[in-house]
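Trainee: Listed below are the residues making up each chain.
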Amino acid sequence: MTRRSSLRAFAWVALLVVAGGAAAADATIRIDGAWARRALMLDGSGTGAVYAALVNPGGAADALLAAESDIAKSVEVHETFQDQGMAKMRPVKRIDVPPGKTVELKPGGYHIMLIGLTRDLKPGETVQLTLVFQHAGKIPVTAQVK
Amino acid sequence: MLSYRGLRRSLVLLAVLLCAGFAQGEELRSGSFKPARAAPEVGLRATDGSDLQIARYRGKVIALSFGYTYCPDVCPTTLFNLAQTREKLGALGKDLQVVYITVDPERDSLERLKKYLGGFDPTFIGGSGTPEQLAAARKAYGITISRENVPGNPTAYWVHHSAFVYLIDRAGNIRALLPFGITIDDMVHDARVLLENPS
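Residue numbers (my numbering), protein chains in the order written: chain A, 17 to 162; chain B, 15 to 213.
Just so you know, these hints were derived from the structure itself, not from any lab.
A few of these clues could be false.
Stated by the list, open to error - Residues on chain A that point at chain B, a partial pick, calculated with CB under 7 Å:
1. R53
2. T63
3. G64
4. A65
5. M129
Every residue gets a Cβ at the ideal spot worked out from N, C-alpha and C, and that includes glycine.
Chain A with its partners taken away, still in its complex shape (with noise of 0.2 Å):
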């Protein structure tokens, strides 16, 4: 009886261990070396950017949606692209990361942007936000200032 009753536990922990592994493979997005350009808060209207590689190792398609962060008043996920020999910059609703693919946010394309920065970002320093995937949902990151 206490040998079934201990088998039977084991059983339902190995399940529970084998199911939580497929479902953090399938939905796990990993934020690969997430790092701030350096800024100063400029009494709170100073701006600045955060940048990674969004890394999709699963099967299914994901997207950031958004970003979180009280580094800054407000944080958008925007896009610079180069039109009429100009930069020019705009919001996006979502950066789609394919599955097996990895997206680059990069000084002159994607960039998370904080806006009306709390306080000065210094070299050496860390910034933590929030980024919200559709699937993934909400994922905490750690970024350098650089």
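Add chain B to chain A, keeping to what the hints say.
Mentor: For chain B alone, kept in the frame of chain A given last:
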């Protein structure tokens, strides 16, 4: 009309650069001006309290660019790369003067611009002036801008702008046009060519 003119100017500039580039490929990695032409003068105020004139920096190599302090991605990237370039040039870097002219005089006071630039390198000089003076400076250097209000926020706006960097040699001639996105290594290379070869 303005953007068409800007586009046409950019295309002419590009054509000139391409021709020049083929003739002069081994010297500079970015677009070069051959023959070099005198850098147009500007009449602005500088962040160090003096008049901002190109002639004031004769004897130094000038890296001239345009931008504004509310710009989160492109401008900090350019300014950071220019600061790195000065650092990597070592002693030679002292003779590279970065001049940064605002495209947003409404919000960029000289004081604010000075503080902003100081976050990258305290030797950087910022320039501003009346809207007319700034428009003349942009026209002289083929810089186009376009102001766009931020949707949902009546007081916020972006100023899209040309984001290249001019290199002006020690004699006051425009010698190179560095496109946005050029690597720091290439920036260092081209600045060094001009710093080590006076004319």
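Trainee: So, against the hints stated earlier in the document, which numbers end up violated here?
Mentor: No hint contradicted; all consistent.
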